[in-house]
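Asks: From first to last, the protein sequence lines stand for chains A, B, C and D. The first sequence begins at 1 in my numbering and counts up one residue at a time. The second sequence begins at 1001 in my numbering and counts up one residue at a time. The third sequence begins at 2001 in my numbering and counts up one residue at a time. The fourth sequence begins at 3001 in my numbering and counts up one residue at a time.
Among the hints, erroneous ones may be present.
What the hints assert, rightly or not - Here are the simulated BS3-like cross-link-like pairs (lysine-lysine), alpha carbons at most 30 angstroms apart as the crow flies: (1) 1166/B <-> 1047/B; (2) 1047/B <-> 3251/D; (3) 1047/B <-> 1181/B; (4) 1047/B <-> 2155/C; (5) 1201/B <-> 1047/B; (6) 166/A <-> 11/A; (7) 201/A <-> 11/A; (8) 2155/C <-> 47/A; (9) 3251/D <-> 47/A.
As the list claims (entries may be wrong) - Simulated restraints on C-beta separations: (10) 1285/B <-> 3047/D: 51 to 57 angstroms; (11) 328/A <-> 1255/B: 37 to 43 angstroms; (12) 1255/B <-> 9/A: 44 to 50 angstroms; (13) 1201/B <-> 3127/D: 39 to 45 angstroms; (14) 3280/D <-> 1201/B: 56 to 62 angstroms; (15) 57/A <-> 2248/C: 26 to 32 angstroms; (16) 3219/D <-> 57/A: 46 to 52 angstroms; (17) 2252/C <-> 1201/B: 57 to 63 angstroms; (18) 3239/D <-> 57/A: 55 to 61 angstroms; (19) 3021/D <-> 2175/C: 46 to 52 angstroms.
Honestly, the hints are just simulated from the structure, not real lab data. The C-beta atom is built at its ideal place from N, Cα and C for all residues, glycine as well.
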Amino acid sequence: MSSDIQPATTKIFFREAIARAMREAMRDDPRVVLLGQDVGPFGGSYKEFVGLSATFGPTRVRDTPVAEEAMIGLGVGAAAAGLRPVVSITYMDFLMLGLDPLVNYAAKARFKTGGQIRTPLVVKTTAGAKGQGVAHSQCLEAWLMSVPGLKVVAPSTPADAYGLLKAAMLEDGPVVFMDHKRLFPTAGEVPVAEGHVPIGKAIVRRAGTDVTLATHSYMTRIALEAAEALDRLGVSCEVIDLRSLAPLDIETIAQSAARTGALVTLEEGQLTCGVGVEILFQVLERTGPIATARVGALPAPVSSNPVLEAAALPDADRVITAIRRLLESSRPGKS
Amino acid sequence: MSSDIQPATTKIFFREAIARAMREAMRDDPRVVLLGQDVGPFGGSYKEFVGLSATFGPTRVRDTPVAEEAMIGLGVGAAAAGLRPVVSITYMDFLMLGLDPLVNYAAKARFKTGGQIRTPLVVKTTAGAKGQGVAHSQCLEAWLMSVPGLKVVAPSTPADAYGLLKAAMLEDGPVVFMDHKRLFPTAGEVPVAEGHVPIGKAIVRRAGTDVTLATHSYMTRIALEAAEALDRLGVSCEVIDLRSLAPLDIETIAQSAARTGALVTLEEGQLTCGVGVEILFQVLERTGPIATARVGALPAPVSSNPVLEAAALPDADRVITAIRRLLESSRPGKS
Amino acid sequence: MSALDLLADMLRIRAFEAVLVSRRDHGFQLLSSGAEAVAVGVAAALTREDQLLTSGRSIGPALARGLDPGRVMAELLGKASGTNRGKGGRGHLAQPSEGFFGAHAVVGGNLTIAAGVALSFQVRQIPAVAVCIFGDGACAAGALHETLNLAAIWKLPLVLVCDNNQMAVSTPRADALAPAALSDLAAPFGLPHATVDGTDVLSVSEAMRAYVARARSGGGAAFLECLSERFYSHSSSTRETRSAAEMAVVKTRCPIERLAAHLLDAGDLDAEALARMRSEAHEAAVAAMAFAEAAPFPDAAEALTDVL
Amino acid sequence: MSALDLLADMLRIRAFEAVLVSRRDHGFQLLSSGAEAVAVGVAAALTREDQLLTSGRSIGPALARGLDPGRVMAELLGKASGTNRGKGGRGHLAQPSEGFFGAHAVVGGNLTIAAGVALSFQVRQIPAVAVCIFGDGACAAGALHETLNLAAIWKLPLVLVCDNNQMAVSTPRADALAPAALSDLAAPFGLPHATVDGTDVLSVSEAMRAYVARARSGGGAAFLECLSERFYSHSSSTRETRSAAEMAVVKTRCPIERLAAHLLDAGDLDAEALARMRSEAHEAAVAAMAFAEAAPFPDAAEALTDVL
Ligand SMILES: Cc1ncc(C[n+]2csc(CCOP(=O)(O)OP(=O)(O)O)c2C)c(N)n1
Ligand SMILES: Cc1ncc(C[n+]2csc(CCOP(=O)(O)OP(=O)(O)O)c2C)c(N)n1
Ligand SMILES: [Mg+2]
Ligand SMILES: [Mg+2]
């Protein structure tokens, strides 16, 4: 294969990538149905489901009442009985209301029935802060990563939103697809050809030699911003976008970290028992001692207040500071 | 103070320690009320509330319907409005049904109201496996540790069950007190004098020089069993019982690990984004490179099946193997 | 199904549980004796395509639905020949291929799942019905409300059956639930609902047949409350909280005695035939136990299979 | 409170929201115009000791409860002089010292909290009542069911007020909820319940007064549904889904016009006085905005205060 034959792409918004994935899957497989609040004619809180209701009708695109436990529970039951539902939980904070059917039933159904029941369900939900306050800003993906039987994906680009959602809808067990409020209006190139992005594969978004920065979802954009600034400061930062949190592609990160000799993780959620610490420890197990640090939210609720929200969340400056401090302490004189 | 003047103690069961703490707190503070399923005349699923209903009556010891969201929600609201409720959630798995009021309201109330509202609530719940199957065996403490605004304690002895529950009931914010099915019938010495055990202090259960084993709750007993066996194999293992998971007494563990040069964590729950990995990374940040390993459940649901339950969970043998392997690889020839 | 068949099914459940609980190492079990008429009456109204879901108290419903007693017994004892390969155990019995979608040990936890099964039937235009049996305790759970509302607005082919044995562990239903009749809970949603004597298998099956037929033909969901009894304590390891006097009254409401008396009175059964049915039921239970005893435990490696 | 006072309060809410939303950088806000009669009618029935809790749509209730408009405005704009030091913002306004226990932005999330506040009153034998205002959307949440049941069995001093504006974001109440009247949801629990015209402040306050008095004297909980309107779209950043024709009908049901017309008809008010009231309301809102504009943002260090 010649590397200069690139697949044809088209530039679309993240929210359009989700709609496209849904549209194709619903066209291809009559078992795919969409349930959620305001996913019908309204087209989703972030317009990510625009047009589906008109094309596929109210039997397959269902506006639900505000009843997250039942929304997920019905999705799980329907999945167990032959459909492939996508359940939209507008904000990840409200996933808490539906964790019982997701964790106590869906994630365990295959195991507890000795393989008789599978639950090919996708829960699509939106994480992260964008001025909506303490109960609409949380990132709970680390909780989900710890649940055996669940897969978790977290795209940062339209192409991955499209490709990972397509892949999630092909899985035979439950997948949580988490996007982010700040991603919907971002645009990016997406292959014109239909396809999917395999779950479980991280991607190097930017090559670098001095430090590896592993992150996911919206923070990938912050990481790239930091990497660019670091470049101007003479620090070459490799940015890895996890894309899939469970399973985690630890090899890709470990190989990079072994090469750069330094690993920093970046997440918008809490550091304690978070995504970053899991990655750092697994990489250390593979590489032996290297320089490590983690960056995440302050240990506090995230206010809708613009000053306090910004104060609570990681930004490029904080990433840059963490990386410079790490490199200075581990390799005095380097940076 | 002479070290041979020990406080007078009396030997009681873990479940009795809980009842004693409740009894004293309810006697001292009319704001303490107990809500839960079968906590009244029945005395609790593990007899841990025996006698309270008879002494304090149905206004303060309330049997609730099976409605975990409301049980916690009412507890939170009552706490916010002047009571100091203890809400018993029989199994930690069902905490999921009440995470919304606990995490979205209680843990954030003080912050979001600018200090106007506090929620002095204790959620007492039972973790761990004892033949009850996939939806009654989970250990979810790592989720809770990651929530800003929540404290989490996990006693392993009757004395700590007593002392930490007393302390939890004195806090001004929400505390999750997690015990374990296998602990209720265990016995231990408890001081005769009333008092409490401060939240946030780990304790060295057994001194050792070759490796530090950090654990909590029922696994402390497994750790001590393993340490004893290791002793016979010539490995001196220091066992630290965390007691408090949030806040975490990382200094005590780090000091021990710095001294022994090796740190192993042991938990009954999932390793991914778990308690152990958080401890390991925080200690590594303080000590620099030392030998580390973590032991926990297999990444699978826990069946009620005796063979499969045992297969899924850590036991002394697995701990011994992990420690020996770690010491062999880090200090060839030592063990 | 004839009344004699219903009686035979109830006798089989009773005998099965008696044999199970008399085994020394039976683990602890959630027994359904006293509520056999609910299980058998409900199952009698279902066809092969329908799916039955239950609370953790599921032995009666599983057997009534026709699951092999040997495999059920094996499952309850954690054996590899069990319906769930021994991995589900008490509280999670399942065999969807036989129309028993399964038990779920989270109180109220199977309500939304059952509605999802019904949704799948509806979307795929399969003329089948999902039925969920749950306890009076589960009626306090918010999941019931959410399920009733969705079942009503979407006209799901779902029949909710409350097996109201008037106790949740130690808590009397009267102390835990405000409604005069639990079936009233369906009223605001405009769903057909009724309360029947759950010790009368004929009442249960008759009411169920009407609701199932309605649901099957697109008429939507319904709620049936069955007033039953719990002859054992909550689980075989839980202390009984009801007094001997209370238990004596409870035991008078035996669904088996009731139907047997009716059939004897009507001349459709004689004492000899009844005795024969009893001993056949006992022998079937003993055979189930023998099958289960002989079966191996699963291999420890199964702890990691069928996870993802 | 006189009818003129009620009118003045409603005018203040209307003017406050108009001034807020006309500020260019107002963030996005959940406005309650169209439902002023619910907020004001409910607040009129409460004493200082009572506590009011609401959904995220809380501006009207907060002002009706007597919170300082300047501090409310400051809170909505994230200023340090806000009721919550600027940390709560839209959806979390609170000032318990003034009997406004607060808003909570999780739909249905304040129902169980309010019941807990009521429980605290009951246990501490304080003759106060907890009142929770929530939307029609929240009626689908299981939390309502659990709360109704507990409120009923424990006779809690709790009044649940459904502000039924007939929409949840884009979803019409009729598509989301099966009950004919949402107040019917309280019926199975044996709780007093009624549906009133939520654009008629006199109806709302009268019904509330009866329920609050009953709850205060130990009579237990009640459920009041108020049929109101939402004059703005869901939030000030959400696109409107109702047609212009629909909105025209909606706007005819103005609680302020209704009461004003009534008072004018009765001769209790003249056009001049009404105009004066309007301009007073507007000036108060402008003053509140001026206060909020002048207030500083909190220091970034506050991101870590009042956490534990
Ligand atoms: C959500 C949840 N809370 C608590 C429990 C513990 N529990 C198991 S059975 C039971 C009683 C259920 O009563 P009911 O629904 O009437 O069923 P029954 O046992 O009478 O058949 C309880 C509280 C549980 N399994 N799930
Ligand atoms: C549990 C939960 N689910 C979803 C949302 C998103 N959401 C915010 S307001 C709203 C609509 C609520 O409708 P209703 O209860 O009628 O109140 P209204 O907005 O009409 O005042 C929704 C779905 C939320 N905040 N909480
Ligand atoms: Mg019962
Ligand atoms: Mg509404």
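Asks: Confirm or reject each hint.
Replies: Right, here's what the structure says about each hint:
1. 1166/B <-> 1047/B: Since the Cα atoms of residue 1166/B and residue 1047/B sit roughly 18 angstroms apart, the hinted pair holds (cutoff 30 angstroms).
2. 1047/B <-> 3251/D: violated, 60 angstroms
3. 1047/B <-> 1181/B: Holds, at about 11 angstroms.
4. 1047/B <-> 2155/C: At roughly 45 angstroms apart (the allowed maximum being 30 angstroms), residue 2155/C and residue 1047/B break the hint.
5. 1201/B <-> 1047/B: Within the cut-off at roughly 28 angstroms; holds.
6. 166/A <-> 11/A: holds, 18 angstroms
7. 201/A <-> 11/A: holds, 23 angstroms
8. 2155/C <-> 47/A: holds, 28 angstroms
9. 3251/D <-> 47/A: This hinted pair holds, its Cα atoms lying about 27 angstroms apart.
10. 1285/B <-> 3047/D: 51 to 57 angstroms: Given range 51 to 57 angstroms: holds, Cβ gap about 55 angstroms.
11. 328/A <-> 1255/B: 37 to 43 angstroms: violated, 27 angstroms
12. 1255/B <-> 9/A: 44 to 50 angstroms: Cβ of residue 1255/B to Cβ of residue 9/A: about 56 angstroms, so the range 44 to 50 angstroms is violated.
13. 1201/B <-> 3127/D: 39 to 45 angstroms: holds, 43 angstroms
14. 3280/D <-> 1201/B: 56 to 62 angstroms: With Cβ atoms ~60 angstroms apart, the hint holds.
15. 57/A <-> 2248/C: 26 to 32 angstroms: The hint (26 to 32 angstroms, Cβ to Cβ) is violated, given that residue 57/A and residue 2248/C are roughly 59 angstroms apart.
16. 3219/D <-> 57/A: 46 to 52 angstroms: holds, 49 angstroms
17. 2252/C <-> 1201/B: 57 to 63 angstroms: At roughly 58 angstroms between Cβ atoms, residue 1201/B and residue 2252/C fall inside 57 to 63 angstroms, so the hint holds.
18. 3239/D <-> 57/A: 55 to 61 angstroms: violated, 22 angstroms
19. 3021/D <-> 2175/C: 46 to 52 angstroms: Holds: the Cβ-Cβ distance is about 50 angstroms, inside 46 to 52 angstroms.
Comparing the model with each earlier hint shows violations of hints 2, 4, 11, 12, 15, 18; every other hint is respected.
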